[in-house]
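The listed protein sequences derive, respectively, from chains A, B, C and D. All the letters of the first sequence, read from the start, carry residue numbers 297 to 678 under my numbering. All the letters of the second sequence, read from the start, carry residue numbers 297 to 678 under my numbering. All the letters of the third sequence, read from the start, carry residue numbers 297 to 678 under my numbering. All the letters of the fourth sequence, read from the start, carry residue numbers 297 to 678 under my numbering.
Take the hints with a grain of salt, since some may be wrong.
Given that identical chains are not distinguished, each listed pair holds provided it fits within a single copy or across any two copies.
Said to hold, decoys possible - With a Cα cut of at most 35 Å, we get these calculated DSBU-like pairs of lysine-lysine: (1) K662 x K519; (2) K516 x K611; (3) K671 x K559; (4) K479 x K611; (5) K671 x K298; (6) K419 x K559.
Just so you know, these hints were derived from the structure itself, not from any lab.
There are 4 protein chains.
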Amino acid sequence: MKPLHIGLIGYGFMGRTHANAFGKVNNFFDLAYKPVLKAVCARDAQKARAFATQWGFESSETDWRKLVAREDIDLIDIASPNDTHAEIALAAARAGKMILCEKPLAMNGPEGKTMVQAVEKAKVPNMVWYNYRRVPAVTLARQLIAEGRLGRIFHYRAKFLQDWTISPALPQGGAGLWRLDVKVAGSGVTGDLLAHCIDTALWLNGGIDKLTAMTETFIKQRKHTLTGKMERVGIDDACAFLARFRNGSLATFEATRYARGHKALYTFEINGEHASIAWDLHDLHRLQYFDHRDEGRLRGWRSIHVSDGDQPYMKHWWVPGLQIGYEHTFIHQAADFLEGLSSGQPAHPTFRDALETQYVCDAVLKSARTNRWEKVPGQTRG
Amino acid sequence: MKPLHIGLIGYGFMGRTHANAFGKVNNFFDLAYKPVLKAVCARDAQKARAFATQWGFESSETDWRKLVAREDIDLIDIASPNDTHAEIALAAARAGKMILCEKPLAMNGPEGKTMVQAVEKAKVPNMVWYNYRRVPAVTLARQLIAEGRLGRIFHYRAKFLQDWTISPALPQGGAGLWRLDVKVAGSGVTGDLLAHCIDTALWLNGGIDKLTAMTETFIKQRKHTLTGKMERVGIDDACAFLARFRNGSLATFEATRYARGHKALYTFEINGEHASIAWDLHDLHRLQYFDHRDEGRLRGWRSIHVSDGDQPYMKHWWVPGLQIGYEHTFIHQAADFLEGLSSGQPAHPTFRDALETQYVCDAVLKSARTNRWEKVPGQTRG
Amino acid sequence: MKPLHIGLIGYGFMGRTHANAFGKVNNFFDLAYKPVLKAVCARDAQKARAFATQWGFESSETDWRKLVAREDIDLIDIASPNDTHAEIALAAARAGKMILCEKPLAMNGPEGKTMVQAVEKAKVPNMVWYNYRRVPAVTLARQLIAEGRLGRIFHYRAKFLQDWTISPALPQGGAGLWRLDVKVAGSGVTGDLLAHCIDTALWLNGGIDKLTAMTETFIKQRKHTLTGKMERVGIDDACAFLARFRNGSLATFEATRYARGHKALYTFEINGEHASIAWDLHDLHRLQYFDHRDEGRLRGWRSIHVSDGDQPYMKHWWVPGLQIGYEHTFIHQAADFLEGLSSGQPAHPTFRDALETQYVCDAVLKSARTNRWEKVPGQTRG
Amino acid sequence: MKPLHIGLIGYGFMGRTHANAFGKVNNFFDLAYKPVLKAVCARDAQKARAFATQWGFESSETDWRKLVAREDIDLIDIASPNDTHAEIALAAARAGKMILCEKPLAMNGPEGKTMVQAVEKAKVPNMVWYNYRRVPAVTLARQLIAEGRLGRIFHYRAKFLQDWTISPALPQGGAGLWRLDVKVAGSGVTGDLLAHCIDTALWLNGGIDKLTAMTETFIKQRKHTLTGKMERVGIDDACAFLARFRNGSLATFEATRYARGHKALYTFEINGEHASIAWDLHDLHRLQYFDHRDEGRLRGWRSIHVSDGDQPYMKHWWVPGLQIGYEHTFIHQAADFLEGLSSGQPAHPTFRDALETQYVCDAVLKSARTNRWEKVPGQTRG
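My request is simple: use the sequences and hints to build the entire structure.
Now the structure itself:
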């Protein structure tokens, strides 16, 4: 196995999922490459070292520029907050590193475009961690659609519901809470949650032509952790939009952090002429499937427990009936990336793929301001 | 339409379901017979009159012997407590009346046998209200099994769970509580709940060869409503048994009134070589179906919403997607009984069919006393 | 009991549900009034007579004007297609009859307004059959909201999904298919399905301030049953809209007849500060409830089997655990109407209540044309 | 962190789950010990080496006696077929090694007893991998019961349903199929599946007093992989038993590999005076909980998504709403074992605990032969 030397930036929730993926992927997948955890980078030296110890990184850094400059690093993995993605990616591309980037790609479309141009100019392998594509049930959905089983698509609906920011006492900003600070996050649920829904939707159902959106900020002011003062909340607490896909299907999308009872309820459903599919992150190991071609008396939604060897990714795991969880989606994505390095068929979504999601997010936020239908800028999908 | 003059005995829970069935059946089914509610009989004259008014009976009686003697009555419907079934049925058979009887048929097998002999000697149409056969989903299950879709049957499991007698303060005996009085009910959950499970099982899976059972009475003494004194509780509060069917399949059965959280959770599941079926009274309009012959990747339990016109009984009701409820099972049974009068093909279960269930119940109670496996006495099923 | 003489117009799906409600209501509810089925009216004399026989109407008519003129009729119940509602209601109001009208009230808001004015001028009791308010689970939801258990409301989402018009071979117009003919139906899913969603939403969550909508007609031409020719389809096959309620909550609504796998999946969910509620017509006897005030470790969505005597309407039916079905919602509404006659507190929704739903539907259809946010005209809710 | 040098015997399904647990545990738990993967042992040298490479073991062995003799090994982990457990464990105890053993402990009770005596005499830490205790939802169930929330227990029911041996073409014996060979496995579903159900039950509900069982071998002969000949099948394909716990509760247990549609459906339900609990391995991240003390109108089964930081083990993983899977139960057990080494409070189940499960299995198999109720030999539970 060829070693692939990883430099990880960020040690938070996403840093952990990525480190875990690199650490486990070779136990379960037969690959030509083996990730080697060279260094983790974080501003706080002590926390960086502790993370390195816990996850088996050989070293730690406190300045990402140093990490990018290190010659013993092949790949820069960006798991730091959204406002750092572009600057790091541009530097890493200039340094000729492979780049993995946590989603969303950028703070907005134009910024994302510079990143796409940089990696394409540098010809470096690149990928964005839209991990939910690699839930086996979601990949199975993609297969079914690609096989034409659904026929003409009429409807797509997705939502991502959470309830963790309902308390007005929750501050904004700082570790773990930067997602509430618009300067760091770029947006609220649109970039955080809807971006996932959009990435999946574009993958499953093709491009979105136009949309009309509304956003709301239910709690107008929150104490900022860094300043200690009450400050205006700049993010969207909730967002919903109607859309028309290029294939003629109609869609509704919604995300919020104010839906009591839902921790991370990402769901989608797609209705076709012949069959329908539904999925739910709270039971990610199941796919719901309805096929109108089944005998009439016996038609029903099938609850498919996606844990068999003939279902995507599952032959690498345990035995039928035994479910995997959230973290495995990152392991799958790491495996596909490494496989892509070997095969020369890059794994998706690339930066270019992720830019399209960024454009949709931009159109959503714009529509919420203009109160009008907005076109999504077109680009050819990779 | 030919009138069929009904005399109903009993005005309790079951009296209401039967009266409703007779009153509605011609609205929804095209039949040659039309039930006419001639008289209701109950010991309390005032209650009998009130029931007659509410349900549209032309008259009321307080002595069932008088009712049985009335020449303007074609059919005696027995909806009074278990300990009255045999005496009434024998008299009604002697009087040449058609007889419908609420389940269980009798206090025990030998008593039931006299009833079978009486109706067969008198050659009067007869039927027992094991209504759950006529849940459309259950009838659909029967069709699937009859078509051989399940292949060889390996397992049958049924349970009927309730939680309404957990409080020690609940008395035994008297109106609404006679089911706790062994002298009136004959047994506890065995005759009340397991009898339903057994009737369905015999219908779906054929005869039971032998079984081993346990029963328990959790609350040993309860105040008797009639005497006002604490008295020993004679019924079985809970009962479970293992069984072997004649077709070689293995079974577990259980019933209790001490299962917190379950009001009337009658469930069964049947596992065959090729397919499995499951059903649940709490969502009686659904059938769960798994077919191994479905394509591997897409196998899953189908949740069939049994509300389409091509599913049993449903063309008589509303439109697809709109569910019916509990009471409709009695309407279906009434319709089938009336249809059987016209066609000469009697509706089931007849008294003879119900006697087989009685024999199984007897074997269950016997095994619980002997702590041994007991054979179920054989009889040819009608 | 005082007789209330009913004249029913229409013998289709809705005629059956209403006739059944009038026929059953006194069996289950103790009321001062007793509906008497005097006459049913339909253009086809033979079908009218057959319906009268099946449902026990004393007579039949073929001209609704004659029915309205009959002195032996107290109440006109309109169950004929949408384009007939206004003319009949106006005449019935002039004749001083009580009026029940199937939903939607009218072809559009202005027409509905004339109906409201007519019944209010005539001071006749009036009600519209938005039956889903009387699903016990939905009424329970209303109670919980009225008690303030949810706290501030953040989100409302509703959809009504069907799949029965996907085939292009399905014609438009004629018996059973007038819902596809815009001249008779007024609109497609907006008036047929969204009207239900809107009625419930206004009842549970108050008025809608503004909205933005899209509609689509997937099948552009269908053969018209009456002309035998392919004709342009004028109805909306699918419709979705975003809305802002007056209480500040955000909403998404969607209806379609092109969602494979769903027969009549009307669902709503409402998310409040403290608790959330969800409901689903395919399992109408259940309410999903999540309460954040439950102990943390043990929080979860409760699946409430609404079949207990302390839950709305259920003491009138059977015993806990035994579900009722679709038709019972009409019986409940009939009971409430009759009770309202006695108490002088009219049952809702009245024509005036239903007009508000009509205004929302109008705004939806307008927005779909203008591609803009539209305000819903305000009126005080009855 | 102190290194703990592991020698693993067996590279099959269980070898992988154990290796994974040792490899991951320090990433997620802060522990004083760190497992070091010194050596894996398997008869096939090439496979042993391949496994060592894939999982990062420093060396491999082909003779378990050599492994046990190695001084650089602290702990022997037995993941080889059932018929090897005792011999290895006895040798390892003599060598003073800590011992972990895959379940079931032994081929039968008497053999297990020698193992308990050996480890207790040698005073070596020991544990059996009954991993399902460490499903967070199952641990939560244990907490609730220990807190007395259920009150008096009336019922326990468990089943473990699979469908992978229905085909008569499936051979017995050899790699992956030794579970069908009675000489290697000791029994069929009793030791393989029911043992899990029994371990959980004893942990949650205390000891079993007596039981009556039945077993069946549906396919009487299968080709043996090693001999190439059709041979009599000696295992039990299916097993069910009734039991009475020492606390007076009644139980039903069932396991089979002939239940179409179920891959690994281990479920249990426990009904108490005040509350009930249910769990299902196919959705292992959920716990179903019903509390009768909830307000009457709003009582329902709560579907608890066990993924919050205040629920057992979950603070070590991701964020609320993101589920873990099967393999994590082994990581939890490894963490608890290591924690036990530090604290001096040994993790359970020890060999002694597991022996009690063995005695129940023995009683089950005996009862299936005698067709009588059998007492379970008593021992004090550790």
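Hint check:
no.	hint	verdict
1	K662 x K519	within (27 Å within a copy, 42 Å between copies)
2	K516 x K611	between (49 Å within a copy, 30 Å between copies)
3	K671 x K559	both (32 Å within a copy, 33 Å between copies)
4	K479 x K611	between (43 Å within a copy, 29 Å between copies)
5	K671 x K298	neither (45 Å within a copy, 60 Å between copies)
6	K419 x K559	neither (39 Å within a copy, 46 Å between copies)
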